[in-house]
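Enquirer: As a plain string of letters, each chain reads:
There are 2 protein chains.
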Amino acid sequence: MMMKNVSIALLGCGTVGKGVIDLLAMNKSLIEEQLDTAISIKKVLVRDLKKYKQMKLPKNIAITTDFEDIINDDEIKIVVEVMGSADFAKNCIESCFLKGKSVVSANKDLIADYGIPLLKLSQKHNVDFQFEASVAGGIPIVRPMYSSLNSNAIEEMTGILNGTTNFILTNMAQQGISYEAALTEAQKLGFAEADPTSDVGGFDAARKIAILATLGFHSELTFKEVSVEGIEKVTQADIQHATEMGYVIKLLAVAKQTNKGISMSVYPAFLQKNHPLASVGGANNAIFVHGNCVGDVMFYGQGAGSLPTASAVVSDVMNVITHFNNQITGKRRYLWREDKKLYSTSRIMSPYYLRMIVDNAPGVLSSISGIFAESNISIRSLIQKDETKEIAEIVILIDSSPNGLVKKALKKVESLDCVRKVASAIRVVEV
Amino acid sequence: MMMKNVSIALLGCGTVGKGVIDLLAMNKSLIEEQLDTAISIKKVLVRDLKKYKQMKLPKNIAITTDFEDIINDDEIKIVVEVMGSADFAKNCIESCFLKGKSVVSANKDLIADYGIPLLKLSQKHNVDFQFEASVAGGIPIVRPMYSSLNSNAIEEMTGILNGTTNFILTNMAQQGISYEAALTEAQKLGFAEADPTSDVGGFDAARKIAILATLGFHSELTFKEVSVEGIEKVTQADIQHATEMGYVIKLLAVAKQTNKGISMSVYPAFLQKNHPLASVGGANNAIFVHGNCVGDVMFYGQGAGSLPTASAVVSDVMNVITHFNNQITGKRRYLWREDKKLYSTSRIMSPYYLRMIVDNAPGVLSSISGIFAESNISIRSLIQKDETKEIAEIVILIDSSPNGLVKKALKKVESLDCVRKVASAIRVVEV
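Listed in order, the protein sequences are those of chains D and E.
According to the numbering used here, the first sequence is numbered sequentially starting from 1.
According to the numbering used here, the second sequence is numbered sequentially starting from 1001.
Simulated from the structure, these hints should not be mistaken for lab results.
Where hints are given, some of them may not hold.
[Stated by the list, open to error] Quick list of in silico lysine to any residue cross-link-like pairs, SDA-like style, CA-CA up to 25 Å: (1) D:Lys331 <-> E:Tyr1334; (2) E:Lys1273 <-> E:His1290; (3) D:Lys4 <-> E:Ile1328; (4) E:Lys1331 <-> D:Gln123.
[What the hints assert, rightly or not] From the structure, some residues in chain D lie toward chain E, with a derived Cβ separation under 10 Å: (5) Asp22; (6) Pro144; (7) Cys293; (8) Ser306; (9) Arg337.
[Unchecked claim] Just a few of them, taken from the derived set where beta-carbon distance is under 7 Å, the chain D residues facing chain E: (10) Gly295; (11) Leu307; (12) Pro308; (13) Ser311; (14) Val314; (15) Met318; (16) Asn326; (17) Leu335.
The model shown is predicted, which means the values in this text are computed figures rather than measured ones.
Glycine included, each C-beta is placed from N, C-alpha and C at the ideal position.
Based on the sequences and whatever the hints tell you, model everything.
Expert: Below you can see the structure in the form of structure tokens.
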């Protein structure tokens, strides 16, 4: 008997698209044996025909620049969207749903902005919409969140979700180089883009934590509700102070749910060296999830890259095909609670590491500590390091205080004549 | 409209059974909202009625000592088996399948011995059989293995899968106490059983790695095919030598698949301190999986305990109910390949740490090193420490050599008159 066959199309043929083509070739028989169904890539949508003719894709794959070629091909049952931009991708995916095609997407920008409306639309049209690769590349986290940790009330998720910034911070620590030098190296090696804002500004991590929080907290959360701070201001001096004090600096994406509400934020943080996330080096990703019954679980692996991301995309495709074969396409239930309550991140407490450049003169410490005392913020330690005759560097650790209060106090500190600048204000995470 | 209701029964009401009862009460509305179905525990099978009457279970739960009460109750659709022993559990589960009841089991002994025959039987009777909690408690690994990492050829799995031994080894390292003292403490705290053989002998970890390898390698593997070594011979001296050399000692469960075949083994090992598994402390579990596309992924969390294990059990129950609601009960496909090829663990190469007690006399080192030279095993380092005038301790690191060859050479070494005993032979894992 001939094996069933499912034809799919790719929208986009960049790093991830190429990975999907490669993976389906590498693991062809293993995948077909599990599904009892063959997968064939029938068409690939690209922007520039010439560029892709050089790639020498397998001959049975047709390359097109016209989305109509794909949407009007009734043989194509699954469309794999691996383009990256949000708006064009959204239009394409909506068209797919209307035509009864299921969609797998690796596009975090899209999912963070339009994930829930698209999921709802897919259910209306009885098709599948899956997006495991949109968070943390190949690490299984999206499906485990809704199909393995679903017996828990999820209370907190803390992740290192951006490989670029983790690569930069790891290199700053290991090689003693500046932020700028580490960024340049990351760009050279292809770990950072020419315009690195989305990564180093924390926006990419913010999109991913919004996706995870949406699933974990059963709430329609969006990227715009994440309080975002990047790593651009982290200096080699901060890294060295962290090392001296037994910490490493990581860009964390944090989502919390308490009875007061949900908060989501992205910020660089001092992590104690024995924290399991502290040893996540290079471009790797990791996510800590705290459920009310399971306790802490962690997922770790490569958060990007061609084949790791393709691993998640193809696993989604296999899932969609299993649903075809069991005739349950579009039947997954998602729970979205109506009463979304947000908790302002400015009210969240944490200790802080502060670094200031001040005049090297008497009375400076007393002025600064006076402001903290007024604000009811208590100082745990204070070290002054003379830089020159005129300038001194002060490093202060303050006890756990509401983030908003700390920011206000720092504005006052910065307005002091004797303070040249507040160079760093980085949260400290204690286990 | 009334919500649907699914009645379930528990076989056993120990730590895990109680956890399931507690979890279903704690997270009742969250679970029901996700499923659009209520779950009610109708009956619980126990051995000793008196004992459980004191537990004050919710009044709507009937307690029985007679399995017939459960098997003949047609209202009960899912049976949760949390007893622990293999043979009685197997009989019960087979009866459930025959009666069209789906089963969720947390019983690693059972799954390791009878997992595949039971899965096949469940499919024959069109019921579900799920067992996420049989490996690593609450950590999602069984379902991710077959539904998220399924796009990969799995090449290796390395896990810390036994909490008891990890607790003992962690305490030996942190408190400088002997194996015996650490075991006694673990028993006092309820982390080890009165007869600890299954844990400290490595058999529990062996059962779990056999289950994971069966799923990951699509091969009908059994516990009996695992080469097993426990931690009973690990001494405080070994721990100290490991620390001095930058290692920690962990009990690893390792399964590998190459084109030469599949090997499975459990053994204590020297792990470099920067290995991600090295920081897994206390009673925690972690599993590293290497897929040919996804690379390394790691799953980490509590491998035992009432609520963490219940988290996995209830997630399985929710899965079964989702299958009921979608009318796909018993339809999950598993791929078992026919051509199981085993690779003898005696042919696997690794460096070794060796510790010997010898006569403090001239010529001893030359006799020992002569035997290694004959066997083509090269010595990386050798340190002699005089214990007394008569006795010396020798610590040797040898380069990567086939395990079988090392064992043979050690037998020869031990037969030397000047060697009092080969106290330790522990594999070294290098990243």
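Enquirer: Decide, hint by hint, whether the structure agrees.
Expert: Going through the hints against the structure:
no.: 1; hint: D:Lys331 <-> E:Tyr1334; result: holds (22 Å)
no.: 2; hint: E:Lys1273 <-> E:His1290; result: holds (20 Å)
no.: 3; hint: D:Lys4 <-> E:Ile1328; result: holds (19 Å)
no.: 4; hint: E:Lys1331 <-> D:Gln123; result: holds (22 Å)
no.: 5; hint: Asp22; result: holds (8 Å)
no.: 6; hint: Pro144; result: holds (4 Å)
no.: 7; hint: Cys293; result: holds (4 Å)
no.: 8; hint: Ser306; result: holds (9 Å)
no.: 9; hint: Arg337; result: holds (8 Å)
no.: 10; hint: Gly295; result: holds (5 Å)
no.: 11; hint: Leu307; result: holds (4 Å)
no.: 12; hint: Pro308; result: holds (5 Å)
no.: 13; hint: Ser311; result: holds (4 Å)
no.: 14; hint: Val314; result: holds (4 Å)
no.: 15; hint: Met318; result: holds (6 Å)
no.: 16; hint: Asn326; result: holds (5 Å)
no.: 17; hint: Leu335; result: holds (5 Å)
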